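A.B. asks: Each protein sequence line maps, in turn, to chains A and B.
The numbers in the first sequence follow the numbering used here, run straight up by one, and end at 165.
The numbers in the second sequence follow the numbering used here, run straight up by one, and end at 348.
Note that these hints are calculated values from the structure, not bench results.
As the structure is a prediction and not an experimental result, all values here were calculated from the model.
Cβ coordinates follow ideal geometry from the N, Cα and C atoms, glycine included.
Any given hint could be a false lead.
[Claimed, not checked] With beta-carbon atoms standing in for the labels, derived distance ranges: (1) A:T68 x B:L308: 33 to 41 Å; (2) A:T68 x B:P266: 18 to 26 Å; (3) A:R124 x B:I171: 37 to 45 Å; (4) B:V329 x A:A61: 39 to 47 Å; (5) B:F135 x A:T149: 43 to 51 Å; (6) B:L310 x A:A50: 39 to 47 Å.
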Amino acid sequence: MRLQSSAVALLLTLGVALAQAPSKPVAKDNSVYAELAKAPKRAAARRNPFATDPDAVAAGGKLFGLHCAECHGDMAEGTKKAPSLFADEVQRATPGTLFWLLTNGVVRRGMPVWSKLPEAQRWQLVSYIKSMTLASKPGDADPPHPAPH
Amino acid sequence: MPPITLHPQYSVPVRLLSESIATLRSSRFFPCGLLGMVLLAAALPLHAQESPYIVTYDHYLEEPGSLEVEYFSTFGTQRAGNDFHAFWAEFEYGATAWWTTELYFDGQTTFNDSTLFTGFRWENRFRLLAREHIINPVLYIEYEQTSGADKILKEVEGHDVEADYAVPNALARQEHDHEIESKLLLSSTFAGWNIAENTIATKNVTGGNPWEFGYAIGASRPLALKASAQRCSFCPENFIAGVEMYGGLGDRYSFGLHNTSHYVAPVIAWNLPSDWTLRLSPGFGLNDNSHRFLLRWGVSREFSGFGAAVSRLFGGRQ
């Protein structure tokens, strides 16, 4: 009986873990970008106060390595858990839209809210994301510096 | 000691969990399993951005698939008794972006007395709203199976007072509590500040005890809001400081501050880039029913991708 109980407890634990496993190849699912379109106009129109800060991209890169690379990939190329940030939908999005998405997350799709990072750090992350260009997309000739861990 | 009686609705899962833990602890496979978990965790990437609170909860949940392993200590002074050192380990797992589940194991050493394992807790937190709002509610449900010797003071509720903790371990351990604890966690973040308010309602399901109530409130802020461009250990943005206050609010029949204890505690967390978080909190009793001084500290490490790694071990999809 005890062994059975242990097995059931183990199965419950594994069930939680397996439920966590990605069930869809999210990186290829364009609908994941649909959330960007839900940003309110006022939020989308906000300007990045760090747009001209020369350190913002580097600081954002550091934050990306600490908080985002695990899901989006070291080079933001996307993984099974989270989409590529090189996608047109992301790169065309306004800084305000990206900031809004970072703040609110996409909880139902597994992206946590990141409002626990102070506003300044979220804007620095936006600076880093917007600094990515297709020329620096992974696999191209001149890849960007990887996000530091 | 009277036999423990549980409502049938609680008895099966509780017995299951108790027996499982007992079996695992006594099993010869346990050390191997533990070693395996440690090795698995060591192979995982890490990150940390933890709040400094030790008693109060904000609305931020564990990132999905991440496991946070935490150890906390509470040293408490005790009038009319022996000072104590209570400790607990937490295993906090982000099941989804809206659900965090957590297992606690508690113990304590009472000086000039003994050291005891005092029980376990299973906690669940559910985020109620998908997006950020001015006030963000989270529902907290916990089951506790602890002995009367438990002294971690993770929450203060009802008419908990210092004198309750002066009972010798041999006597206190004979009392067994099976509690359902619910909390409504409200939390806001504005201009770098986090303000969190928790209301607690607890019911001991083993007897005819009434619902007991308590509260915890906290405020905290990083020492710097902007991240530096360099990786650094001592950058001010790695430190989050604040204060929390917590105490009991009586029970269903005698709600209020009469015969309750209350504490105020500055808190600070140091989030290291090496993915460890250290917390320190000296707490001070606010009335004669409170311990005069509580010193709490904790260390934690977060392991990202734990769920996916476990899933891969068992052939889950990549």
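A.B. asks: Is the gap between the beta carbons of B:L310 and A:A50 within 39 to 47 Å?
C.D. replies: holds, 44 Å
A.B. asks: Does the Cβ-Cβ separation between B:V329 and A:A61 fall within 39 to 47 Å?
C.D. replies: holds, 43 Å
A.B. asks: Does the Cβ-Cβ separation between A:R124 and B:I171 fall within 37 to 45 Å?
C.D. replies: violated, 21 Å
A.B. asks: Assuming the hint says 33 to 41 Å, is it satisfied by the Cβ distance from A:T68 to B:L308 or not?
C.D. replies: About 36 Å separates the Cβ atoms of A:T68 and B:L308, which means 33 to 41 Å holds.
A.B. asks: Between A:T68 and B:P266, does the C-beta distance stay in 18 to 26 Å?
C.D. replies: holds, 23 Å
A.B. asks: Against the range 43 to 51 Å, how does the distance between the Cβ atoms of B:F135 and A:T149 compare: consistent or not?
C.D. replies: holds, 50 Å
In terms of the numbered hints stated before, the structure departs from hint 3 and from no other.
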